Every structure is written in C-alpha cells, then in structure tokens.
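Quick note, the sequences are listed as chains H and L, same order. At position 256 of the first sequence (counting the first as 1) the number is 254 in my numbering, and the numbers step up by one without a gap. In my numbering, each residue's number is its place in the second sequence (first place is 1) plus 646.
Everything labelled a hint here was simulated from the structure, so no lab data went into it. Fair warning: this is a prediction, and the values are worked out from it, not measured in the lab. Among the hints, erroneous ones may be present.
In silico PhoX-like cross-links for lysine-lysine, where the CA-CA straight-line distance does not exceed 25 Å [what the hints assert, rightly or not]: (1) L:Lys904 with H:Lys231; (2) H:Lys65 with H:Lys185; (3) L:Lys874 with H:Lys231; (4) L:Lys874 with H:Lys2.
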Amino acid sequence: MGDKTKSTIVKTMIYVFLILVAVIYIAPLLWVLMVSFKTNAEIFSSPFSLPESFYLENYTFAWTAGKLGIATLNSFIVCGVTLVLSMLIGSMAAFAIGRLRFKLAKPCMTFFLLGMMIPVHCVMIPLFTRFAKMGLSNSLTGIIIPYLTFSLPVTIFIMTGFFQSMPNELIESACIDGASIYGIFFKIALPLARTGLFVTGLMTFVANWNELLLAMVFISDDAKKTLPVSLSKFVGPYNTNYSQMFAAIIIAIIPTVIVYCIFSNQIVDGLTAGAVKG
Amino acid sequence: MDKLLRNKKAIIIFLTPALLLFTVVLFVPICQSIYYSFCEYKGLTAPEFIGLENYKNLFKDKSMVFALKNSLFFLIFSCVSQLVMGLFLAALLTNIKKGRNLFKNIIYLPCVLSSTALGLLWMFIFSPKLGINQALEKFGMEGPLWLMDTSGFIILPMWVIAFVALWQYVGQSMMLYMAQISGISTSLYEASYIDGCNRAKSFIHITLPLIKPMVATAMSLNAIGSLKFFDLIFNMTEGGPNHRTEVLATHLYTQGFKYNKYGYASAIGVVLIVLCLLVTGLINKFMKTENYEM
C-alpha cells in the first residue's frame, strides 16, 4: 500500500469521525426545533417523526404566559448596561495600570486578578442580605452591579495587555499636540484597542446572558426575571408541558444561534483570544 | 509627557470606579462570608458567633459528603476528559483543510448557548420514559433510569451529566489547543520528517511539549469551571434523587436560599473558595513550564 492511499484512508476516517461528532452536536438542537411544533400528546406518541402540523401555540404560550417576552427584554437591558459599563470602567482601570506611572500599579493588578479566581457563589449571601437592606433586591440594578464587578477582572486583564503593547510614539505626539490625558484615553488609546474591546465585550455579554444562579437568587418578581431564570421555571415535577418547554428553549437560544451563525469565526476566535489571555 | 502620565488626579479618576466596585462587591463580602461561616445566621436575626460549629456539621451532613464527592469527580473527570478530547479534536482539525472552520464552529456552538436551555434539553432526552428510552423501546430494549439510578460508587446520573458537560464545553479546550498548535512553526515538523519521524511521533515529541503551557491554562479554566458547576445540574436533576447528584454549588444554593441557613451555606462557600485556590495553585505549580521559542 502506497503512502498516498494510506493518507487518503486516514483522511476519510478523520472526516467520518468528524461528521459523527457534528451529528452529535447538531441533532439534539434540530430535534428540539422539530418537537417544539408538536402537541404534548404527539411528543409521547411519535417523538421522532416530523410534526403533523405546525402547532404554533407552544410559542405564543411560552412568549406570553411563560413571560419569555419580558424576560428577553430584561436580559437585553441587564447585559447591555453591564457591557457598556464594564468596557468603560474596565478600560479606564486598565489604562491607568498599563500606561500611567505610579508605584501601586502592580498591587492593583494583583488585586483585580484575584477576582478571577473567586466564584460568584461565595459572595452571594452577604451581597443578598446587604442588597435586601438597601432595597436593591428584586431590581435589575441589583444584578447589574455584581455582573459588572465579576466582568471587570477579565476586561482589565485583557485591556491592560492591549494598552501596554501600544507604541509610545502615538501618545508622545498627542502630548506634544497638547492633548490632555483624558483626550489621549478617549481619542487615541480606546479606538486603537477596539479589538480588545470586542473580545472583552463578547466574553462579558455571553457570560451574563447565560448566567442563572445569581439572577435566580436576587430576583423573585416575574416581571424582572432574566431569560435563564424564566426558562428554568418551565420544569416542575408534576406539570411539565414538554412541548411548551421546547418552544421556550428555542426562543431562548435562537438569537444566540443566529448571531453565532453570522459571526461565528469572529466569535470563536475572539472568545479564544480572551481565554488565552485571561 | 512624564508629568502627564504621573498626573495623580487622573490616576485616581481612572482607578476609583473599578477599585470601589471591587472592594464593595467582592472584597468586603468575602470577608463577611468568612465571618458568617463561623456564625449561626438565618437572615432574620443578627449573626451570632458559634465558632467551628458549622464546619463540624459539614462533616456530619450526608448531602455535603455527596456534594464534595461529586464536585471532586467533576473536577477530575472534566480535567482529564477535556484534555484528551480537546487535544484529540484539535489534532484532527489541524490535520484537515476542507471544512475545518465548519466543524470547529459546530463543536464550539454549545459553549455560547445558555446551559439552562441545554440542561432542560438533555433532561428531557434522558428522562425515564421519553427521549432516548423511547427510541430504545422501539428496538425492544428497556433503557436505564439515566438521571435517577443510584447504584454504584459514582452513580449513573453523575456520568450522564459529566458527559453532557464535556459535550458542551469541549469546544473551548479544543480551540485553546488549536490556537497553540497553529502557532508552532512548520519548520520544526519538516525537520522531524527529515529525521524520519512519522506524524504520530512528531505529535508526541514536538506538539505535546510545545503546548504544555496551554494545557495549564486550559486545565485551570476547566478546574474552576467544574467547581463552579451549577446550571446543568440544577436543570437536569436539581441535586436529586435524594441529594445524590448534589455538587458544592447546588448544595450551597439549597442550604442558603431554600432553607435560609446563611451561616452554614457560607461555610460551604469557604470550602469552595479554598478548593478553587488550591487547585489552580497546584495546576500552575506542576504544569507551568518555561515558554519555548516557537
């Protein structure tokens, strides 16, 4: 057997294996999509066939009675505000650590980095009791504050790297032109570090969009729940209506899937770059 | 310019928001949490110092034993399985050209999806009479109770959840390894082929040593991720049956926010923090090596 045939056989085996893997990844998602159009009785009688008719009531139920509409809006507000604030506050701190000259830069960085190793579970109880006293429990602000804080370590770490690698000359010439330190930050440093902003923004958004535990603990009012919390309420031990649950799952993941399909390469590379540096 | 960069007022303005948030939302609560762990505290009355009582109770609590065992199982399983599968997939994908991006993106997809949604999905697939068991029934087989069986040292539901977690997160490890492998210069491989290495040999002698720093990074991420593990378990089993699939995070949630035992739950939180610091410390000590020129 020649080398060439051998390598074709190996290649074919690799592809067969990868296609199998891809099926394991895609099939459950496609199957959810399919059964989300079925009635509950159909799921029990014929779970694997195509739906007899497109039963859209599951979706209207999940959207209105399941409160997924309002939950989606809440998630957008929480993630959007957290995203903007964490990019601003994070890059400000990163700029100070990476570019400004002061003795405590290193200890500051260590302090921020410690935050990466601390799971949110460990601060939940004191935060919860404190926020309850301050009237912040059961409000979106009450989850934005911890989300923001826990997004900062990664943001600061990645942005510091970007600011440090910036060429000195740019800042020098801006200095000579008479720019203030704030002008330098907003007009030169931030625009130059937009790759970093994209990477950190992406990580922040994905993490907070999917966060369940903290949102579940801090928010009990149905009108203020975020998407993962409302979604997890679809299972009860005795009254699970599976077809509605599947419609809810689809509603919850479809925005992410669409955005992912369009920008998959940037997203995967961005998140990987973030993880490598973080 | 130096004067501009040493501007004290600017430094304070740039750092204050972040430092303030960190102190108020992270640093102070951790100290409080440690203090609460030595207290009897149920939320209604002020915390009352009781010394090591909560920690003593941890060892008497059967669900805590399950939680600790399951968390350690997760930790070991996810570190090993993600390393092996992640590396294997990365090696396969770097060896093909056509469709590499497609496969990569498909495998990475669950990493960005809500684990609540995926947890509910798999909960259904592994439910007693539906999903997989419906399919098995068609072939005349009776499937096991995937998420309820309680026999064996590591019970079946834990294996099921561990594999679902592998399915969801292996894309991240794979991408990290791929990023590192594609940074290795092809001249190293060419030289090894001239010296008579085949692909497998050059993988063992060139790729593996050169990606060792990345193994440390990926493993630390896996380790912390698996200790924090909550969403999938909460949505697939809620710690049941009979607390057998409890992990530290779900146990903390149940004790703290279902039974309002804030003091006791804080003690669980302290155990979790200590484990996180210990494991990342160990991984970095044994895995970090000097960076080679590539």
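When you check the alpha-carbon spacing of lysine 904 of chain L and lysine 231 of chain H, does it fall within 25 Å? Roughly 15 Å separates the two Cα atoms, so the pair holds.
Is the Cα-Cα distance between lysine 874 of chain L and lysine 231 of chain H 25 Å or less? holds, 21 Å
Keeping to a limit of 25 Å between CA atoms, is the pair of lysine 874 of chain L and lysine 2 of chain H held or broken? violated, 48 Å
Does lysine 65 of chain H pair with lysine 185 of chain H here, judged by a C-alpha cut-off of 25 Å? Status violated; Cα separation ~42 Å.
When the structure is compared with the earlier hints, violations turn up for hints 2 and 4 and for no others.
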